[in-house]
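Asker: Using the sequences and the hints given, assemble the complete structure.
Position 33 (the sequence shown) corresponds to 33 in the UniProt record's numbering; numbering is contiguous.
Since the hints were made in silico from the structure, they are not lab data. There may be inaccurate statements among the hints.
Just the calculated beta-carbon pair ranges, DEER-fashion [unchecked claim]:
no. : residue 1 : residue 2 : range
1   : Thr4      : Leu53     : 48 to 58 angstroms
2   : Ser12     : Pro55     : 46 to 56 angstroms
3   : Trp40     : Glu14     : 50 to 60 angstroms
Where is the CB? At the ideal position from N, CA and C, for every residue including glycine.
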Amino acid sequence: MANTQFTLSDESKERIVKVLDYSKTVAHYGFIPFVLYLGWSATPNKPSLFNLLSPFPSA
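Answerer: What follows is the structure, given as structure tokens:
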């Protein structure tokens with residue numbers, strides 16, 4: 001079996017690092033809203049956005 005090896009240019013390495021940094025930021029700030037959305041979408045009676053974000057209990 002032949003061992004294939006390739007090298008990346010500096011521009012490609014920088015682009016990969018930028019994409020990984022961006023995806024890390026998206027995962028960091030998007031995790032909790034994603035989990036909340038999954039919980040909201042699994043409920044049979046979905047509350048409105050106002051009731052969901054309101055600090056007062058819904059009647």
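Asker: Run every hint past the structure and note whether it holds.
Answerer: Tested hints:
no.	hint	verdict
1	Thr4 <-> Leu53: 48 to 58 angstroms	holds, 53 angstroms
2	Ser12 <-> Pro55: 46 to 56 angstroms	holds, 49 angstroms
3	Trp40 <-> Glu14: 50 to 60 angstroms	violated, 39 angstroms
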